[in-house]
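Chemist: First to last, the protein sequences are chains P and U. Okay, so the first sequence: first residue is -2 according to my numbering, each after it adds one. Okay, so the second sequence: first residue is 779 according to my numbering, each after it adds one.
Hints are computed from structural coordinates only; laboratory data are not their basis. Bear in mind the structure is a predicted one, so any value in this text is a computation, not a measurement. Beta carbons are placed, not taken as given, at the ideal position from N, Cα and C, and that holds for glycine. Honestly, I wouldn't trust all of these hints.
The calculated lysine-lysine pairs, modelled on BS3-like cross-linking and capped at a C-alpha distance of 25 angstroms, are [claimed, not checked]:
#	chain 1	residue 1	chain 2	residue 2
1	P	K17	P	K0
2	P	K144	U	K960
3	U	K1006	P	K144
4	U	K924	P	K80
5	P	K80	U	K1002
Chain P is nowhere near these chain U residues, computed Cβ spacing over 12 angstroms in every case [unchecked claim]:
#	residue
6	S821
7	M833
8	L841
9	L846
10	I933
11	P937
12	L972
13	L977
14	A997
15	D1014
16	V1022
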Amino acid sequence: MIKFENFSFTYPDAPAPALKNINLEIQKGAFLGIIGPSGAGKSTLTYAINGAIPHYYQGVCQGQVMVDGIDVFDSTPETISLKVGSVFGDVESFFVASVVEEEILFGLENFNIPRSEIEGRITSALDAVGISELRYRSISSLSGGQKQKVAISAAIALRPQILLLDEPTSELDPQSSRQIFSLLRTLNKSNGMTIVVVEQKIMLLCEYVDRLTVINDGEIYSTGSVRDVLSTPSKLEKIGVNCPRVTTLSSKLAAAGLTNEPVALNLNEAESMVRRIIRDYIR
Amino acid sequence: MKGFLQYIPGNSILHQLSPITKLALSVLLCACAFLSSSILYISFLLLLVLGLSAMSGIGRSALQIFSLLLKLSLILFLAQIFFIREGDVLVRLPLNLFITDEGLAFAILIALRLMLSALPLALIITVTPMSDLAGAMVQKLRIPYKYAFALTTAIRFIPIFSTEISEIIEAQRARGVNFDTKNIFKKIRLILPLCLPLLVSSIKKTEYIALSAEMRGFALRNRKSGYKSYAFKGRDLIALLAGVFIIAASLLINLP
């Protein structure tokens, strides 16, 4: 679905490239999490998928990015917009309307969605993120978290094949963050939407995404299933990515030679691992 | 200045009128301001506009805009009053300056004209969602969406800028800059350097909005894309008739 081939990008006047020789393939229907220290190039990577690079951020590019068989560099922003929905990091700056309903309507009108379908699209998009009551509110009167939900709802109303989110829960409370991630899971599992999400909350990522890509200093540090990527927490911590505590604990137990099981990803796994170790020890 | 020139949701008659009717009415009122030379009539129209706004629940922002216009007209008033030398002298001032009765009347008229021509147009913004204004202009006036979008985005930026500048001022104040000075020149000297960060952040913002619009298929849009239709209803007709009546009255009052 998305394929980076030897892709490098340098922002104008930047001393070093923001992305260096990226090779990454994201399958159709994948639910991929991207994590890495700040300034690693996570957002730049999303810009390369939705066509902001090269159409907005003109810099020095090398290599190729293919999205659903289209070369991003040879196509127009509108061609990509039909396939990729984006939720940007700083949602505040990206609103085009002053009322919530209008914001969601904007994309639907542009895409020439049939009139009869529009009302249903708006209500279901608002319902999905749980903000039906905000429909007629003016956007400037909303809180940061509510604004994020509006941006997400405007993106999913368009039902893109690929949904790209840059820290969609940065201003949300834990409960809403979970709500958003379970919505993403539903979109991924039932609608087959390919989802790429940049997120700092690693615990959420571990729980919901299928695959994880760690980016450090413009390069892919590691990529694979969540368990594979998190199998070496000490290395990740060196580059500034904090692993969930259960993962760190279980890998320390393994390092101490107490177990040879793969790392635990959640509390339940960690609990049974510790129970087994204690049982073996008593025996 | 919070909420200044910003859409205020509501269900009043002013909110429900078609955006085109509102545009037409404000243009008519603007025309009245220049056609009529009766201070009394223009004051009456101003009061009418303020009264209608109060009834529509936007009285507060109407007064806000009004007081801003009042300050602007004061400058215009002062500029006019000393330059008209015909008529009977009311007040003599040093430097061979004097105020005549005709000068006073004309200066008041000019000030009122400025207020009446600007107030209704500014008020449209508080009773019309910008996207409705754009949509109606595209559908009814056949203006290309690109231009309608540019216009409405520019208007939408006004409150954003005013929040931004007060944020910058707060940030400077937190670092010890004292903006609370009575001296107007000192104040301007303090505020002028803030224009650069404001300019930078606003250019960034326009780029982001352009990016965001393109990412959601802005270029795919055509005239038929609008979802809402802006049909003229009975109340629009009544409002327009009232507008015509007002303009006819302004012409009649002018007759000797």
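Chemist: Using Cβ atoms and 12 angstroms as the threshold, tell me whether V1022(U) really stays out of contact range of chain P.
Modeler: 31 angstroms, holds
Chemist: Just checking, L972(U) versus chain P, shortest CB gap more than 12 angstroms?
Modeler: The assertion about L972(U) holds, with a minimum of 19 angstroms to chain P.
Chemist: Between K17(P) and K0(P), does the CA-CA distance stay at or below 25 angstroms?
Modeler: 15 angstroms, holds
Chemist: Looking at A997(U) again, its CB stays over 12 angstroms from all of chain P?
Modeler: 4 angstroms, violated
Chemist: Are all C-beta atoms of chain P more than 12 angstroms from that of S821(U)?
Modeler: 33 angstroms, holds
Chemist: Within 25 angstroms, alpha carbon to alpha carbon, are K144(P) and K960(U)?
Modeler: It is violated: about 39 angstroms lies between the C-alpha atoms, which goes past 25 angstroms.
Chemist: Quick one: work out the minimum CB distance from D1014(U) to chain P and report holds if it exceeds 12 angstroms, violated otherwise.
Modeler: The claim holds: D1014(U) sits with its nearest Cβ about 21 angstroms from chain P, beyond 12 angstroms.
Chemist: Assess, step by step, whether the Cα of K80(P) is no farther than 25 angstroms from the Cα of K1002(U), and give holds or violated.
Modeler: 22 angstroms, holds
Chemist: Please confirm whether L846(U) is truly not at the interface, meaning its C-beta sits more than 12 angstroms away from all C-beta atoms of chain P.
Modeler: Given a closest Cβ separation of 20 angstroms, the condition holds.
Chemist: Does the claim that L977(U) lies outside the interface with chain P hold up, using a Cβ gap greater than 12 angstroms?
Modeler: 16 angstroms, holds
Chemist: Just want to verify: L841(U) was marked as not at the interface with chain P; is every Cβ pair farther apart than 12 angstroms?
Modeler: 20 angstroms, holds
Chemist: Would you check the hint for K1006(U) and K144(P), treating anything up to 25 angstroms between C-alpha atoms as holding?
Modeler: With a Cα-Cα distance of about 24 angstroms, the restraint between K1006(U) and K144(P) holds, given a limit of 25 angstroms.
Hint violations for this structure: numbers 2, 10, 11 and 14, all remaining hints satisfied.
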